[in-house]
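S.K.: Sequence:
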Amino acid sequence: MSISLYAASIPVFQQMLNALSDVLTKAEAYATEKKIQPPALLQARLYPDMLPFTRQVQIAVDFAKGASARLAGVEIPQYDDTETTFAELQALLAKTLAFIGSITPD
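For the sequence shown, the numbering used here begins at 326 and goes up steadily by one.
It should be emphasised that the hints constitute simulated quantities derived from the structure, not laboratory data. Take these hints with a grain of salt, some might be off.
[To be verified] Simulated restraints on C-beta separations:
1) Thr429 to Phe388: 15 to 25 angstroms
2) Ser327 to Met375: 14 to 24 angstroms
3) Pro373 to Leu330: 35 to 45 angstroms
4) Ala333 to Lys360: 41 to 51 angstroms
5) Pro377 to Met326: 41 to 51 angstroms
Where is the CB? At the ideal position from N, CA and C, for every residue including glycine.
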């Protein structure tokens, strides 16, 4: 049985980014419920030498869109990585999912 490179990558990136969107939704709800300022969570690090959560999301997006574009032989979309809010990160994920969704298995 063979599997295409498309089938082994694009659906995986889509699932990963959708799961990350769910994590953001839960984090935002938690911040609201516990009256935590959103930047406190968005700039949080699990360990001092890690990048903040916002940057971790941007890196996940960069990897998914970059790998998808390279596999499809199309230009990699350039995003500014200026997101600072939950809404902006959700918009970034949605934009990336739309790009990845435009790639066909041809």
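S.K.: Hint by hint, say whether it matches the structure.
M.R.: Evaluation of the provided hints:
1. Take threonine 429 and phenylalanine 388: their Cβ atoms lie about 21 angstroms apart, and the range 15 to 25 angstroms holds.
2. Taking 14 to 24 angstroms as the suggested C-beta distance range, the pair serine 327 and methionine 375 does not conform, at roughly 38 angstroms.
3. Taking 35 to 45 angstroms as the suggested C-beta distance range, the pair proline 373 and leucine 330 conforms, at roughly 38 angstroms.
4. At roughly 43 angstroms, the beta carbons of alanine 333 and lysine 360 sit within the given window of 41 to 51 angstroms.
5. For proline 377 paired with methionine 326, a C-beta distance near 42 angstroms keeps the hint of 41 to 51 angstroms intact.
Hint check: a violation occurs at hint 2 only; the rest are consistent with the structure.
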